[in-house]
Each structure stands twice: as structure tokens, then as C-alpha cells.
Amino acid sequence: MLKEADEKIGTQPNRSIGVGELWAGGLRKVGLATQHLQSDQHLPSDGCQAPRSLAPRPCNRLVARLEAVGNLSRDDREAIHAICRDAQAVPVHRSIIRAGEKPEHVHIVVEGWTARAETLADGTRQISAFLIPGDFCNLHAAILGEVDHDLIALTDAKVAFVPHEVMDDLARERPALRDALRWVNSVDEAVLRAWLSSIGRRDAYGRIAHLFCELHARMTLIGLVEHGCFDLPITQEMLADAQGLTPVHVNRTLQALRGDGLIELAERRLTILDMVGLQNAAGFDPTYLYLGMRARR
Amino acid sequence: MTLYRFNLYNGIGFVADEEGRELPDVAAARDEALKAVRGIIADEVLQGRLDLNGRIEVMDGEGPPVITLAFAEAVEIA
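Which chain is which? The protein sequence lines are A and B, in order.
1 is the number of the first residue of the first sequence in the working numbering; add one for each residue after it.
298 is the number of the first residue of the second sequence in the working numbering; add one for each residue after it.
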């Protein structure tokens with residue numbers, strides 16, 4: 001059995017740097033921090049072009065998510081860039097934080113895919129969230145004192161470890177950001193409810209179809225979809241662990257979705273060939289993602 | 298660890314396993330095949346259909362299957 005998350009990424013000594021310092025440093029270096037993100041562009045496969053029109057800023061996915069729900073000032077945006085500036089590389093299968101540990105940071109995914117996961121007594125694993133670039137985890141976990149699940153890298157990833165005090169200051173000083181973060185956190189809870197409904201009530205075909213509709217919407221929001229194509233850089237085993245299926249069942253379901261002309265999946269890149277058909281197969285209603293709506297004060 | 302591929306033959310035809318899974322031994326591969334067959338059968342039964350004519354062939358390379366598991370072997374019919 002593939003044992004995931006055997007090693008944990010340590011937090012770096014630079015976590016002790018003061019809030020003001022981090023802030024000022026971030027703002028000073030924003031102009032220099034623009035070369036990072038080129039590496040999240042993937043090679044195109046089977047004629048489906050990888051996205052090219054990405055604003056090359058660290059953590060611009062989180063800014064994209066937050067701007068979708070609130071009017072951020074230039075300073076708000078720079079503040080987000082600043083806290084993501086020192087994102088750390090996390091190799092695939094490593095854990096970022098493990099169940100039982102004290103959450104000292106908010107984790108922001110800058111590149112790659114990560115997941116919340118729980119390992120059950122019999123060794124099986126349940127993934128309860130896919131966290132893609134611009135998603136964050138453990139925003140309010142400091143209150144609880146310890147986390148109850150693992151956060152693991154599903155691909156090579158870059159993750160920002162932001163001290164809770166920095167997030168608290170940011171929320172206090174920047175009301176628009178605070179509201180946008182609350183909004184995003186609430187949408188994450190809605191996504192969890194949608195997964196619960198799917199696993200409880202949909203068959204394998206409906207679950208995978210629903211997940212693909214959701215991922216398409218989430219990837220669109222952060223600018224990673226082009227002509228209905230996006231990277232799906234995870235294994236069938238990971239899909240299976242997220243949807244309460246076996247990898248063989250996932251493989252068979254993907255074949256059925258292909259056979260019905262709804263999707264193409266090759267070289268870890270998903271193309272949605274018939275969006276209406278896929279939405280109908282899933283019974284997908286995107287309301288729970290609150291796309292195109294604005295946070296209310 | 299060995300890379301095992303789980304090729305499926307059933308009602309919707311042949312589904313090749315392009316990815317495979319790293320598992321410690323043939324016994325673990327057999328457990329995985331059993332779970333896979335039971336999961337597929339269970340999903341179909343919920344839709345009112347039971348087809349036990351399928352099989353999974355587990356490969357560990359280019360040679361013949363190291364396990365052939367017929368769907369009917371994966372469940373006990375009382």
C-alpha cells in the first residue's frame with residue numbers, strides 16, 4: 001500500500017520574523033517577486049493548450065479568489081502577495097501538518113495540489129478536500145489547539161506558512177480582506193457539504209461527474225482553465241480516496257464518462273467535451289460555490 | 298513494492314489500468330482486486346442490476362496475469 005505523508009515538512013526558522021518586518025519586506029520586494037510562478041505552467045498535451053495568460057505573481061490565485069468576492073485595494077492585494085512570498089516547496093506525498101499537531105500557521109497553497117486527509121484505523125484513507133492554488137487551510141484552527149486531520153501534498157507543491165498572528169493582524173487592519181477570507185472559508189464549508197451529499201447519495205458516475213463540474217468551476221475562478229481543459233495532476237487512487245471508491249472503480253467510471261462523450265482525460269489533463277451533459281449527469285447546481293456574488297458586510 | 302495493474306473485463310467492456318498501484322505483494326494485490334470487484338458490484342446492485350460475468354486480471358509486468366479474479370469469486374451467494 002502506498003504510504004503517504006511519511007515525512008513532514010518542517011517549518012523554517014524565518015517564521016519568527018516580526019509582522020511589521022514581514023509586511024514591509026513583502027511590500028518592498030513585491031516588484032522583485034514576479035518571476036516565481038512561471039513554473040506552474042505545464043506542458044500542453046494532446047492538442048489541449050496549457051494556460052499561458054497567467055499574471056506571474058506569487059499567490060495570484062488567492063488574490064483571484066478573494067477579488068471575486070470583494071473589492072480589494074491595491075494594498076490589500078500587496079498584503080496577500082507579501083504573506084505568500086516565502087512559500088516553501090513541498091514534495092509529493094509529504095505532509096504539511098499532521099493530525100494532533102498544533103496549528104501555528106495558516107497554510108496557503110501557492111502551487112500544486114494538496115488535500116485534507118484522514119487515515120482510518122484499518123489503514124484506508126479518506127480525502128475530505130482537494131486544495132488547489134489559492135486555497136487555504138487552518139484559517140481558524142489556532143482556536144482549537146490541534147488539527148484533526150493531515151494536510152498532505154498530492155503533487156509537488158508550494159505552500160505558504162503564514163503565522164496566525166500575521167493573519168489576525170491582517171484581518172484587523174484590512175476589513176475588505178477579512179470579509180473576503182470569511183467568504184472563502186464559508187464556501188470551503190459548502191464544498192465539504194456538497195462532497196458529503198455526493199458520497200452519501202450519488203453513484204460512482206454521478207460523484208465523479210459532480211467533482212469534475214466543481215473542479216472546472218474552481219479552476220476557472222483562478223484562471224487555470226482554457227477551452228474547457230485543465231490539469232488534473234492527481235492519481236486515480238487519490239480520486240478514489242476522495243470519492244469513497246476504489247481506484248479500479250474510478251478507472252471504470254472514467255471510461256464510462258469518456259464513452260458517453262462527456263470528458264477526455266489523458267496525460268493528467270482533463271477536457272470537458274460536453275459541459276451540459278456532464279452537469280446533467282451530476283445533477284450539478286453551482287449555487288454552493290457562490291460564484292459571481294459579493295460578500296456582504 | 299511491485300507495480301500491479303488491475304485490468305477489468307465486464308459489462309462495459311475492457312478497461313485497461315494505465316496507472317497501476319504499488320503494493321507489497323500478490324496477497325495485497327488480491328485484497329485490492331477483491332475490494333474493487335465488491336465496490337463495483339455494490340454500485341450496480343444499488344441500481345437494481347447484478348452482473349457477475351466480469352473479471353479482474355492483475356498484471357505485474359508483460360507476462361500472464363498473476364491473479365484472475367472472477368466477479369462471482371468475490372462474493373458469497375447464500
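There's no promise every hint is true.
To be verified - Reference listing, derived: stretches of chain B covered by chain A, where coverage requires no fewer than 3 residues with Cβ under 8 angstroms from a Cβ of chain A:
id, stretch
1, 302-309
2, 343-356
3, 359-367
Claimed, not checked - Here are some chain A residues pointing at chain B (derived, C-beta under 8 angstroms):
id, residue
4, I199
5, D203
6, G206
7, T246
8, Q255
The hints are simulated quantities; they were obtained by calculation from the structure and are not laboratory data.
Using N, Cα and C, we set each Cβ at its ideal position, and we do this for glycine too.
Index of numbered hints that the structure contradicts, given in increasing order = Checked against the structure, the hints that fail are numbers 3, 4, 6, while the rest are satisfied.
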